[in-house]
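S.K.: Hey, can you work out the whole structure from these sequences and the hints?
Chains as they are written, first to last, in the numbering used here: chain A, 1 to 269; chain B, 1 to 259.
Just so you know, these hints were derived from the structure itself, not from any lab. Some hints could be false.
Over the 10 Å line for every Cβ pair with chain B, so calculated as not near, a few chain A residues [claimed, not checked]: (1) Val8; (2) Pro9; (3) Val18; (4) Ser37; (5) Trp40; (6) Pro41; (7) Gly84; (8) Arg85; (9) Leu88; (10) Ala90; (11) Leu91; (12) Asp160; (13) Ala167; (14) Thr169; (15) Arg179.
Taking beta-carbon pairs under 10 Å as the criterion, some of the chain A residues facing chain B (in silico) [what the hints assert, rightly or not]: (16) Gly112; (17) Val117; (18) Ala124; (19) Thr128; (20) Thr132; (21) Thr133; (22) Pro216; (23) Thr218.
Restraint ranges, calculated between C-beta atoms of paired labels, are given here [as the list claims (entries may be wrong)]: (24) Ala64/A x Gly105/B: 48 to 56 Å; (25) Pro99/A x Glu110/B: 37 to 45 Å; (26) Phe22/A x Thr82/B: 24 to 32 Å; (27) Thr44/A x Ala210/B: 40 to 48 Å; (28) Thr44/A x Asp96/B: 20 to 28 Å; (29) Val97/A x Thr82/B: 51 to 59 Å.
Predicted model, so just to flag it, every value in this text is computed and none were measured. Note that CB positions come from ideal geometry on N, CA and C, so glycine has one too.
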Amino acid sequence: MSRAERSVPAPLLIPAVVAVAFLVLPLVGLLVRTPWSGLWPQLTAPGVGEALRLSLVSATLATAVSLVLGVPLAWVLARSRIRGRGLLRALVTVPLVLPPVVGGVALFLVLGRQGIVGRWLDEAFGITIPFTTTAVVIAETFVAMPFLVISVEGALRAADARFEDAAATLGADRWTTFRRVTLPLVAPGIAAGAVLCWARALGEFGATITFAGNFPGTTQTMPLAVYLALQRDPEAAIVLSLVLLAVSLATLLLLRGRWLGRSGAGAVP
Amino acid sequence: MRIRDIGATALAVALLAGCGTDGGGRGGGSDGGGLGGTLTVLAAASLTDVFTDLGARLEGDHPGLEVRFTFAGSSALATQITQGAPADVFASANPDQMAVVTDAGLTDGEPEVFAANVLEIAVPADNPGGVTGLADFAREELTLALCAPEVPCGAAAEEVLDAAGVPAAPDTLEEDVRAALTKVELGEVDAALVYATDVAAAGDDVEGIAVPEAEDAVSDYPVCVLADAPNPAAARAFVELLRSGDGQAALSAAGFRLP
Numbered sequence: 001m002s003r004a005e006r007s008v009p010a011p012l013l014i015p016a017v018v019a020v021a022f023l024v025l026p027l028v029g030l031l032v033r034t035p036w037s038g039l040w041p042q043l044t045a046p047g048v049g050e051a052l053r054l055s056l057v058s059a060t061l062a063t064a065v066s067l068v069l070g071v072p073l074a075w076v077l078a079r080s081r082i083r084g085r086g087l088l089r090a091l092v093t094v095p096l097v098l099p100p101v102v103g104g105v106a107l108f109l110v111l112g113r114q115g116i117v118g119r120w121l122d123e124a125f126g127i128t129i130p131f132t133t134t135a136v137v138i139a140e141t142f143v144a145m146p147f148l149v150i151s152v153e154g155a156l157r158a159a160d161a162r163f164e165d166a167a168a169t170l171g172a173d174r175w176t177t178f179r180r181v182t183l184p185l186v187a188p189g190i191a192a193g194a195v196l197c198w199a200r201a202l203g204e205f206g207a208t209i210t211f212a213g214n215f216p217g218t219t220q221t222m223p224l225a226v227y228l229a230l231q232r233d234p235e236a237a238i239v240l241s242l243v244l245l246a247v248s249l250a251t252l253l254l255l256r257g258r259w260l261g262r263s264g265a266g267a268v269p
Numbered sequence: 001m002r003i004r005d006i007g008a009t010a011l012a013v014a015l016l017a018g019c020g021t022d023g024g025g026r027g028g029g030s031d032g033g034g035l036g037g038t039l040t041v042l043a044a045a046s047l048t049d050v051f052t053d054l055g056a057r058l059e060g061d062h063p064g065l066e067v068r069f070t071f072a073g074s075s076a077l078a079t080q081i082t083q084g085a086p087a088d089v090f091a092s093a094n095p096d097q098m099a100v101v102t103d104a105g106l107t108d109g110e111p112e113v114f115a116a117n118v119l120e121i122a123v124p125a126d127n128p129g130g131v132t133g134l135a136d137f138a139r140e141e142l143t144l145a146l147c148a149p150e151v152p153c154g155a156a157a158e159e160v161l162d163a164a165g166v167p168a169a170p171d172t173l174e175e176d177v178r179a180a181l182t183k184v185e186l187g188e189v190d191a192a193l194v195y196a197t198d199v200a201a202a203g204d205d206v207e208g209i210a211v212p213e214a215e216d217a218v219s220d221y222p223v224c225v226l227a228d229a230p231n232p233a234a235a236r237a238f239v240e241l242l243r244s245g246d247g248q249a250a251l252s253a254a255g256f257r258l259p
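M.R.: Written out as structure tokens, the structure is:
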């Protein structure tokens with residue numbers, strides 16, 4: 001640690017400082033424009049707590065769904081020998097390059113009332129997904145899961161496959177090897193991917209407002225509330241952004257200390 | 001996201017405007033020709049189709065001129081202008097949002113009303129919810145879209161519904177009128193309250209139902225040249241085109257009321 005601090009070479013230090021300034025200055029801009037005196041009434045305005053709660057719940061659910069589906073997908077991409085893995089990997093990254101609004105329309109075409117799957121859900125079970133909290137979680141999962149898949153796949157590729165080979169020679173089948181050897185080995189990568197996924201889900205706007213619509217209490221998450229506040233009262237929008245920012249930073253710092261820190265330390269030999 | 005895109009566009013427009021050549025033009029327009037460079041118009045989302053046509057007409061009259069549009073909710077546009085977005089003309093769907101810009105001293109001269117719009121109910125072509133009038137907006141079992149009260153079409157909808165005493169049960173409050181219309185076009189909502197012009201522009205996927213209660217809440221569309229317009233001559237030519245016989249005929253054909 002101390003040795004690393006002493007010797008940051010200038011060609012790395014200067015761009016790094018520029019990068020920090022570039023990333024942090026917009027935040028400073030928000031803080032400068034924050035109407036501190038009117039903060040409390042803005043914070044306790046009706047709907048703010050509701051939007052924040054909905055944001056946290058839906059981002060957490062989206063992360064949970066991404067973990068359940070995305071970790072196995074990452075394993076398939078990194079370890080299996082199925083044909084067309086390159087194509088599969090490219091398809092997985094589609095939500096990353098797709099403008100989220102287009103993603104929202106695409107979700108309509110599949111899961112909407114008139115969609116390929118949605119029409120059948122409606123007719124067979126009377127289930128309609130758009131404009132519900134479920135739709136918020138689906139939109140966020142669609143946009144955020146690739147971040148988790150890519151992180152976990154990277155961790156799997158970097159992990160030493162000889163541990164898995166050793167488990168296999170000792171008689172463990174591939175499922176047991178995955179649970180008992182691979183999963184603990186890449187836990188820090190999974191944690192980092194989950195954090196990235198959660199942060200992306202928390203800030204999701206385009207796919208959510210398109211596929212889930214905007215209704216306070218049901219589908220209006222903080223980014224949507226911020227966008228609409230901007231239409232009427234930019235100061236309220238700044239306050240709402242700060243709330244979202246403060247809560248997400250606090251959560252990430254807490255996790256880093258409690259969870260990421262420990263598992264990260266465990267992974268270092 | 002949208003705001004960021006517009007910022008990038010505005011930057012590109014500013015750069016292009018800087019190196020635009022004066023194309024001479026054949027002077028068919030009201031300003032006697034010689035217009036060139038780039039004209040940037042910020043206009044309410046409901047003006048998308050008719051302004052695109054009129055812009056092409058102005059470009060046809062002045063070969064050196066390039067007309068660029070940013071279509072969005074009027075309030076978002078007003079915010080962009082007060083935050084210094086470089087633009088020549090602002091056309092708002094609502095006098096309140098124009099007032100945001102005039103109050104900030106960012107307009108050149110008084111805004112002029114060039115059109116007006118009235119709310120209408122939009123339903124998917126087969127009208128799956130059997131919607132017949134404003135009262136259906138109270139039916140809980142239907143999937144209904146209104147504009148958010150923060151944007152002009154939502155403010156107008158609130159006014160009309162309140163005046164008619166209809167306790168609306170919307171499922172979504174859309175960020176602008178086109179977003180509400182898209183949901184009707186996709187068949188994902190049974191009805192939305194949008195502008196008559198949006199129904200006119202939507203084609204066969206959407207059917208309109210007139211709302212007699214909305215006649216008391218007709219919204220005026222003011223337009224103004226901006227004080228910091230990089231291309232004031234072209235800006236004035238565009239405003240004159242809107243007010244001319246040709247412009248008014250195009251607006252009328254698009255479903256607008258004339259002032």
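S.K.: Decide, hint by hint, whether the structure agrees.
M.R.: Hints versus structure:
no., hint, result
1, Val8, "32 Å, holds"
2, Pro9, "34 Å, holds"
3, Val18, "20 Å, holds"
4, Ser37, "21 Å, holds"
5, Trp40, "22 Å, holds"
6, Pro41, "18 Å, holds"
7, Gly84, "32 Å, holds"
8, Arg85, "31 Å, holds"
9, Leu88, "28 Å, holds"
10, Ala90, "23 Å, holds"
11, Leu91, "23 Å, holds"
12, Asp160, "40 Å, holds"
13, Ala167, "45 Å, holds"
14, Thr169, "51 Å, holds"
15, Arg179, "40 Å, holds"
16, Gly112, "5 Å, holds"
17, Val117, "14 Å, violated"
18, Ala124, "18 Å, violated"
19, Thr128, "7 Å, holds"
20, Thr132, "9 Å, holds"
21, Thr133, "12 Å, violated"
22, Pro216, "8 Å, holds"
23, Thr218, "8 Å, holds"
24, Ala64/A x Gly105/B: 48 to 56 Å, "52 Å, holds"
25, Pro99/A x Glu110/B: 37 to 45 Å, "39 Å, holds"
26, Phe22/A x Thr82/B: 24 to 32 Å, "25 Å, holds"
27, Thr44/A x Ala210/B: 40 to 48 Å, "42 Å, holds"
28, Thr44/A x Asp96/B: 20 to 28 Å, "26 Å, holds"
29, Val97/A x Thr82/B: 51 to 59 Å, "33 Å, violated"
Of the numbered hints given earlier, the model fails hints 17, 18, 21, 29; all others are met.
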